[in-house]
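*Asks:* Keeping the supplied structure of chain V fixed, place chain E upon it in accordance with the hints.
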Amino acid sequence: MTQGLEGPRPEERPRPEGRRNAQGIRIDPEVEAEPAVRRTVISALVTHEPGVLSDVSGLFSRRQFNIESLTVGPTEDEERARITLVIEEHEPGIEQAKKQLRKLVPVISVRELEPDAMRRELMLIKVSATRPDRVAAVTEMYDGKTVDATPETATIQVTGSRQKVEAAVEAFSQFGIREISRTGTTALARGDDRTAAREESPVEYEADGTPTTPQTTHSDDD
Amino acid sequence: MSEPAPSVATPEQERAQERSDDPEPDAEPTAEPVTTGAQSVIRALENVGVEYAFGVQGGAIMPVYDALYDSDIRHVTMAHEQGASHAADAYGIVSGEPGICLATSGPGATNLVTGLADADMDSDPVVALTGQVPTEMVGNDAFQETDTTGVTTPITKANTFSSDPDTVGDDVGEAFALANTGRPGPTLVDLPKDVTLDDTEHEPGEARVPDTYDVQERADPEVVRAAARRIESADRPLFLLGGGVIKGDASAECREFATDHEIPVATTMPAIGAFPEDHELSMEMAGMHGTGYANMAITHCDTLIAVGTRFDDRLTGGIETFAPDAEVIHVDIDPAEISKNIHAEYPLVGDAATVVDQLSAEVEESPRAKKWRAQCQQWKSEYPMAYDTPEDEPVKPQFVVEAVDEATSDRAIVTTGVGQHQMWACQYWTYTEPRTWVSSHGLGTMGYGFPAAIGARLAAEDDQEVICVEGDGSFLMTMQELAVAVRENLDITVVVLNNEYIGMVRQWQDAFFEGRHSASEYGWCPEFDKLAEAFGARGFRIDDYDEVADTVEAALDYDGPSVIDAHVDPQANVYPMVPSGGDNGQFALTEDQL
Numbered sequence: 001m002t003q004g005l006e007g008p009r010p011e012e013r014p015r016p017e018g019r020r021n022a023q024g025i026r027i028d029p030e031v032e033a034e035p036a037v038r039r040t041v042i043s044a045l046v047t048h049e050p051g052v053l054s055d056v057s058g059l060f061s062r063r064q065f066n067i068e069s070l071t072v073g074p075t076e077d078e079e080r081a082r083i084t085l086v087i088e089e090h091e092p093g094i095e096q097a098k099k100q101l102r103k104l105v106p107v108i109s110v111r112e113l114e115p116d117a118m119r120r121e122l123m124l125i126k127v128s129a130t131r132p133d134r135v136a137a138v139t140e141m142y143d144g145k146t147v148d149a150t151p152e153t154a155t156i157q158v159t160g161s162r163q164k165v166e167a168a169v170e171a172f173s174q175f176g177i178r179e180i181s182r183t184g185t186t187a188l189a190r191g192d193d194r195t196a197a198r199e200e201s202p203v204e205y206e207a208d209g210t211p212t213t214p215q216t217t218h219s220d221d222d
Numbered sequence: 001m002s003e004p005a006p007s008v009a010t011p012e013q014e015r016a017q018e019r020s021d022d023p024e025p026d027a028e029p030t031a032e033p034v035t036t037g038a039q040s041v042i043r044a045l046e047n048v049g050v051e052y053a054f055g056v057q058g059g060a061i062m063p064v065y066d067a068l069y070d071s072d073i074r075h076v077t078m079a080h081e082q083g084a085s086h087a088a089d090a091y092g093i094v095s096g097e098p099g100i101c102l103a104t105s106g107p108g109a110t111n112l113v114t115g116l117a118d119a120d121m122d123s124d125p126v127v128a129l130t131g132q133v134p135t136e137m138v139g140n141d142a143f144q145e146t147d148t149t150g151v152t153t154p155i156t157k158a159n160t161f162s163s164d165p166d167t168v169g170d171d172v173g174e175a176f177a178l179a180n181t182g183r184p185g186p187t188l189v190d191l192p193k194d195v196t197l198d199d200t201e202h203e204p205g206e207a208r209v210p211d212t213y214d215v216q217e218r219a220d221p222e223v224v225r226a227a228a229r230r231i232e233s234a235d236r237p238l239f240l241l242g243g244g245v246i247k248g249d250a251s252a253e254c255r256e257f258a259t260d261h262e263i264p265v266a267t268t269m270p271a272i273g274a275f276p277e278d279h280e281l282s283m284e285m286a287g288m289h290g291t292g293y294a295n296m297a298i299t300h301c302d303t304l305i306a307v308g309t310r311f312d313d314r315l316t317g318g319i320e321t322f323a324p325d326a327e328v329i330h331v332d333i334d335p336a337e338i339s340k341n342i343h344a345e346y347p348l349v350g351d352a353a354t355v356v357d358q359l360s361a362e363v364e365e366s367p368r369a370k371k372w373r374a375q376c377q378q379w380k381s382e383y384p385m386a387y388d389t390p391e392d393e394p395v396k397p398q399f400v401v402e403a404v405d406e407a408t409s410d411r412a413i414v415t416t417g418v419g420q421h422q423m424w425a426c427q428y429w430t431y432t433e434p435r436t437w438v439s440s441h442g443l444g445t446m447g448y449g450f451p452a453a454i455g456a457r458l459a460a461e462d463d464q465e466v467i468c469v470e471g472d473g474s475f476l477m478t479m480q481e482l483a484v485a486v487r488e489n490l491d492i493t494v495v496v497l498n499n500e501y502i503g504m505v506r507q508w509q510d511a512f513f514e515g516r517h518s519a520s521e522y523g524w525c526p527e528f529d530k531l532a533e534a535f536g537a538r539g540f541r542i543d544d545y546d547e548v549a550d551t552v553e554a555a556l557d558y559d560g561p562s563v564i565d566a567h568v569d570p571q572a573n574v575y576p577m578v579p580s581g582g583d584n585g586q587f588a589l590t591e592d593q594l
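So the protein lines, in turn, are chains V and E.
Residue numbering for the first sequence follows full-length UniProt numbering, beginning at 1 and increasing consecutively.
Residue numbering for the second sequence follows full-length UniProt numbering, beginning at 1 and increasing consecutively.
There may be inaccurate statements among the hints.
[As the list claims (entries may be wrong)] To give a feel for the contact side, a few chain E residues facing chain V, derived at Cβ under 7 Å:
1. T153
2. A158
3. Y213
4. H300
5. K340
6. N573
7. T590
Simulated from the structure, these hints should not be mistaken for lab results.
From the three backbone atoms N, C-alpha and C, an ideal C-beta is built for every residue, glycine too.
Looking at chain V on its own, in the form it has when it is part of the complex (with noise of 0.2 Å):
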């Protein structure tokens, strides 16, 4: 067959020497090293409409970000949801979420809390109630609350960080664990930090240079 292009070979052409990490960013090759993973919490103010959750959860899965949970409830507004996700990615993948998640038409804003956020879970869990002293000994342990109480089981009430929760599982475990269920984390910034908000426009530039709107980011990060 005489199918094909004249040209030099590939073995004959010139070859850079710089060469990309799976990111997409320049590296030093003879230093590349995979960019570490982080567990984060990303706050979204949403729209109260029907399919919001749909679109978020469907947004994560086909871009296959690594999610944890997924919390949604309403805000002091009854026309705005807000949407808590814990997520686990590199860098990249967490910039990267949190543009997309701002795309969607009826997200609103979209922040990534700081590490001393507060942030809560609660648990319910149902355990065999054949030692009903050490049960209670162990829920006061966590602060938890009983909630309900038969001669054949316990059901305690369980707030807090999410290794405070799963601490509370090993310890109940004992007992012999009949049914858990779990909210997932939701949270809220500390003090006078807004979590995601109602934001301004994003930022326009006179033809000088000058900001005509406040400096916030789509991201609403600072």
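*Replies:* Quick look at chain E alone, frame taken from chain V:
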């Protein structure tokens, strides 16, 4: 799904009316007040100046069609809803205004899905209006019920289930505004039959995007300044224009910037036509089947000014070896594209034309890149896109593409399907104008070309030829739309590069599957020229080189749809080629280099 279409004026009557000097001013002053949800839907389309809609009738959408019966909007009844979605998509590409497609519920809506996914991948402005079963039946698995908003959520920019006759017109207006604001894309409004039948006196308001949707037009001036310094000091600068340059009407700005500062220009496939390919600075298309010189330039540049591109894998090849020496200046209206695939040292979020103007104003001296430009010219002569035409072999497909290009004007519009023929249409046609290249890029939809030609024809100026380059396999997928082109007497010339193979698959099988032609070899094809005649179109056939020029001329001269069945070399392959995930600089020129 096959109710008769509302009658429309013949194309001749339509054009005669368009040409007449005092057409009736728009019906607006005398428009009847809206009385139903369906009328509100049509009024919303009229308010934004919609001229054409493409669709297929059916049960749940009938109230909307009934309202359309009284409208000046010209409806083109397609053979299949997929055809409607591609026609609307191409109409959007050529006109810059959203293309409208209509379908009924269930199968009508699902038949639009391919076209919507295609528009979503290519950021083409399309508005789909779908009928839905009455609200009280939704969720009960009613006849022709599909969860249309559920199905289309991942493949639309936005969609909505319209539940109120008072606001259904506003929903349509919003869908239209969203489709073409910021980064364009397809939108969909699902219209339950009771909502369109119900009474309403509500006139739709101004079409506007929701408050939650905002677009940044101008880029951060500090980053612009930094990027300008980088360009001034670049040794090996290269422009990479993407489809956003066409959508954002930034071709003129990019051309001026590149020529003022003598910076070579490569394009992605959707950006074909954004920069004249006959210009000395043009490196033409880069990527998997891009030119050798474009891929050499990308691989060796030290500053890449990328405008409106999402760095698709067909462009980048392996990320690790993509422009590995380059600092990247990335202009895009969608912040999520910045640093998604390729990290940008200079992220510039904003409208392409606006930001290129910002850059232009900031760059004070041209980069000193004389040596680099000479290198680029040298690559052009080292890797020519030449091919042989031995008389004892079948006609080369590249020759046919060049012959049609030569016989048509610079403003001729080319639509294609997907496969080898599409790549030859990229490589061997010289594009010089934006919005003259209409193809399926991101989704790679075989069968896109012919219905797209129908949409392109209606959006094009009368003096622009519309050429549909198709492959035999791709054309067979949607050629039933010939019935529409004949009925509407649309002047379209189809050139089928017929090799009796799914050619691109056959080429990959030869390269990567030891030549095992599993399900790629037809060995027989219908006679497309005779099929065309059966539809009422004009059919032509090419077997030899000496028939090419005359046949092309005759087909172009025919005022109506015509099909050239060009029997080309079945063994012809597309080169250069960067295999999937490969190094752009190591493109293969022949099969043994893969």
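*Asks:* Each hint: holds or not?
*Replies:* Status of the hints after comparison with the structure:
Annotation: interface hint on T153/E holds; nearest CB of chain V at approximately 6 Å, less than 7 Å. Interface restraint check for A158/E: the shortest CB-CB distance to chain V comes to about 4 Å, inside 7 Å, so the restraint holds. Given hint, Y213/E at the interface with chain V, holds; its Cβ is 5 Å from that chain's nearest Cβ, closer than 7 Å. Hint status for H300/E relative to chain V: holds, with the closest Cβ pair at about 6 Å, below 7 Å.
Contact between K340/E and chain V, as hinted, is supported at the beta carbon level, the nearest pair being about 6 Å apart and thus within 7 Å. Taking 7 Å as the C-beta contact cut-off toward chain V, the hint placing N573/E at the interface holds, the least distance being around 5 Å. Hint status for T590/E: holds, given a least beta-carbon distance of 3 Å to chain V, under 7 Å.
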